[in-house]
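Enquirer: Sequence:
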Amino acid sequence: MTATPLTIHSRDNAFVKDLRRLSQDSTAYRKQGRVWLEGDHLCSALLARGRRPALAVFSESFWPVAPEQYARAAIKNIVIADALWADISALESPARMGFVLDMPAAAALDADAPTVVLDRLQDAGNVGSILRSASAFGFTQVAALKGTALLWSPKVLRAGMGAHFALRLVEGLDVQHIDILRVPLLATSSHQGDWLHRAALPWPCGWILGHEGQGVSPALQARARLHIRITQPGGEESLNVGAAAAICLHASAAARC
787 MTATPLTIHS
797 RDNAFVKDLR
807 RLSQDSTAYR
817 KQGRVWLEGD
827 HLCSALLARG
837 RRPALAVFSE
847 SFWPVAPEQY
857 ARAAIKNIVI
867 ADALWADISA
877 LESPARMGFV
887 LDMPAAAALD
897 ADAPTVVLDR
907 LQDAGNVGSI
917 LRSASAFGFT
927 QVAALKGTAL
937 LWSPKVLRAG
947 MGAHFALRLV
957 EGLDVQHIDI
967 LRVPLLATSS
977 HQGDWLHRAA
987 LPWPCGWILG
997 HEGQGVSPAL
1007 QARARLHIRI
1017 TQPGGEESLN
1027 VGAAAAICLH
1037 ASAAARC
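Quick note on numbering: the sequence shown equals residues 787 to 1043 in my numbering.
Mixed in with the good hints, there may be bad ones.
No more than 30 Å apart at the CA atoms, straight line, and that leaves these computed lysine-lysine pairs for DSBU-like [said to hold, decoys possible]:
1) 941 x 862
2) 817 x 803
3) 932 x 862
4) 817 x 932
5) 862 x 817
6) 941 x 803
Hints are computed from structural coordinates only; laboratory data are not their basis.
Computed from a predicted model, the values in this text were never measured in an experiment.
Produce the entire structure from the sequences given, and follow the hints as far as they go.
Expert: Written out as structure tokens, the structure is:
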């Protein structure tokens, strides 16, 4: 049976204020212990992974026509006046529904999992794109060092397009925390190491992807079993880290076939 919704029309409502913070403040999820999934794609991705939200939120005009899978997804439904959605959403074209998801319990690193290590990547779009590639190519864990864009921030969530729900995500790590990993580590480099297309890539493994400007830190370079370069016959100095990640992670997946 579909839960009878609570309807909100005031922009001063405490829930509306909390939702606005979740949507627009990259650190709010840490304070509230929950995240905001805005729009059909993220919500359907969550349900496809067998997970359920704490709350389902709908615009007043959308609620009467909301698909059953969304209307029945949560124990509690909340309907918000259409005029409030533009204030809540961080999107140019606000979606008409979303889920509030309780944050999963903090995970410890799995020492043997195929892993992507993010070393101080600051661009949320790059981080979300790498999460998508990790999930697509069979990696199950992402380890984010301090200085990396917050993994559950709104921009990373949108760029990840649902990959979050397929991955073990561990963030706020120091370099020494990586030492727990037993999988061999491979560090990307623009100037040293084996060419990717010729390298014998181990599986499972951990790919280390470095800061957009500085690359992988010396401390992590020293922990890598292999250093890998991507051939660039066109002569560019370097690749965007999101593009480099997709190439490297695909190469690992292809080597397994």
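Enquirer: Going back to the hint list, which numbers does this structure go against?
Expert: Hint check: 3 fails alone, others pass.
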